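*Asks:* Chains L and P supply the protein sequences, listed in that same order. Note that this note's numbering numbers the first sequence so that position 106 is 106, with each residue one more than the last. Here this note's numbering runs 1000 ahead of the position in the second sequence, where the first position is 1.
In silico SDA-like links for lysine to any residue, alpha-carbon gap of 20 Å or less:
{"id": "1", "chain 1": "L", "residue 1": "Lys-10", "chain 2": "L", "residue 2": "Ser-31"}
{"id": "2", "chain 1": "P", "residue 1": "Lys-1088", "chain 2": "L", "residue 2": "Leu-112"}
{"id": "3", "chain 1": "P", "residue 1": "Lys-1100", "chain 2": "L", "residue 2": "Arg-56"}
{"id": "4", "chain 1": "P", "residue 1": "Lys-1088", "chain 2": "L", "residue 2": "Ala-88"}
{"id": "5", "chain 1": "P", "residue 1": "Lys-1088", "chain 2": "P", "residue 2": "Ala-1068"}
{"id": "6", "chain 1": "P", "residue 1": "Lys-1088", "chain 2": "L", "residue 2": "Glu-87"}
{"id": "7", "chain 1": "P", "residue 1": "Lys-1088", "chain 2": "L", "residue 2": "Thr-111"}
{"id": "8", "chain 1": "P", "residue 1": "Lys-1100", "chain 2": "L", "residue 2": "Trp-57"}
{"id": "9", "chain 1": "P", "residue 1": "Lys-1100", "chain 2": "L", "residue 2": "Asp-60"}
{"id": "10", "chain 1": "L", "residue 1": "Lys-10", "chain 2": "L", "residue 2": "Ile-43"}
{"id": "11", "chain 1": "P", "residue 1": "Lys-1088", "chain 2": "L", "residue 2": "Asn-105"}
{"id": "12", "chain 1": "P", "residue 1": "Lys-1100", "chain 2": "L", "residue 2": "Asp-75"}
{"id": "13", "chain 1": "P", "residue 1": "Lys-1100", "chain 2": "L", "residue 2": "Ala-88"}
{"id": "14", "chain 1": "P", "residue 1": "Lys-1088", "chain 2": "L", "residue 2": "Asp-107"}
{"id": "15", "chain 1": "P", "residue 1": "Lys-1100", "chain 2": "L", "residue 2": "Glu-54"}
{"id": "16", "chain 1": "P", "residue 1": "Lys-1100", "chain 2": "L", "residue 2": "Ser-31"}
{"id": "17", "chain 1": "P", "residue 1": "Lys-1088", "chain 2": "L", "residue 2": "Arg-104"}
{"id": "18", "chain 1": "P", "residue 1": "Lys-1100", "chain 2": "L", "residue 2": "His-50"}
Which stretches of chain L does chain P cover? Using the computed rule of at least three CB atoms under 8 Å from a CB of chain P, they are:
{"id": "19", "segment": "71 to 81"}
{"id": "20", "segment": "84 to 90"}
Selected chain L positions facing chain P (Cβ under 7 Å, derived; list incomplete):
{"id": "21", "residue": "Ser-53"}
{"id": "22", "residue": "Glu-54"}
{"id": "23", "residue": "Gly-55"}
{"id": "24", "residue": "Arg-56"}
{"id": "25", "residue": "Thr-111"}
{"id": "26", "residue": "Leu-112"}
Keep in mind that the hints were calculated from the coordinates and are not lab data. Please read these numbers as outputs of a predicted model, since none were measured by experiment. The beta carbon of each residue, even a glycine, is placed where N, CA and C say it ideally should be.
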Amino acid sequence: MFVIIAGGGKVGGQLARDLLTERHEVVVMESNPGKARALQDEIGDAVVPHDASEGRWLIDAGIGRADLLIAVTGDDEDNIVICQLGEALSEGRARTITRINNPRNSDTFRTLGIEAIVNATDLVMTMIERDVSVAPVVHLMRLRSAGLELVEMTVAEGSAADGATPEELRLPEQGGRISVILRNGEAVLPSPTTRLHAGDSIVLVAQTEFEEALGRKFAAPTIV
Amino acid sequence: MYAIVIGCGRAGAEIASRMCEQGHSVVVIDRDRAAFHRLSDSFSGTTIVGHAIDEDCLVSAGIERADAVIATTYGDNSNLIAVQLARKRFNVQRAIARVKDSVRASTFERLGFETIPSTTIVGDAFEQALGWEPHQPNGSPENGN
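Construct the complete structure from the given sequences, taking the supplied hints into account.
*Replies:* Given below as structure tokens:
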């Protein structure tokens, strides 16, 4: 798999190391000369010392043949535009994943029709901290071509999910599985007895057709 | 016309002042209060200190009843997010982004957003001044290698 990582900070650098260890082809794009040099000393030619949202450099980096574009710069606006640009320049071939640094922006970006956003700061960092290989991320992205989506939902107060365990919630058999709970900025790996609370963000893998039904479990009850 | 100009650099101040001269209502947003000194004496609109993609700020600027959003900040990406928000979230009829990177500009044009590709425009103007043939744009992934 050929992966372009936009942003060579802590998250981007670690993702690059892990993906290279797993023998994927990787290019990291980092516009800060100091950060780019430090990364070059370590992983060499895989670093492009330029801004990934600058179209010509993204083309130069090989977006035309990329399988996956991961945008993990420190700036939400840059990440979104990098993903949109990458999708367009690869004519939809490259899958894109990004992170939201500021949770306040997540509604905004959902409005823009950008669906495959995971609040990945927490998710990716936890995977790294727990020394979990990033393979699951890649694996999840592959699953999407089989009609599966990586979805993030927030538990609304008074919803079916509020106060329930994943088991009690009775998610549709094939419909969805909770992967990670993001709570107070920390990622919690759910057990069958973990209780969900209003305000938790749930990252789950769901079949596209069940997404709406799932959404109802997490939405606030409507008053008739 | 009721217009919101985002960014009060040279370009933002210029267009905001011109719109006022044409008799339009204008609100200018910039993160930095000091930027408003660039507005000419003919500017008769209002100014708001705030961030381009902060929805609260856009609402207080009256985006829900705006006819046009003109995004002129120095950041191409902020401008592109601002026009997408204007069009998709607030159904603003005209939303135009200044985009310096010509590849990014043409890409978002193809995606249906209005851009002012400032670098291309300046390049074209120089070319014309020199009396040269118009430049043929390239920059698709196929010929970029």
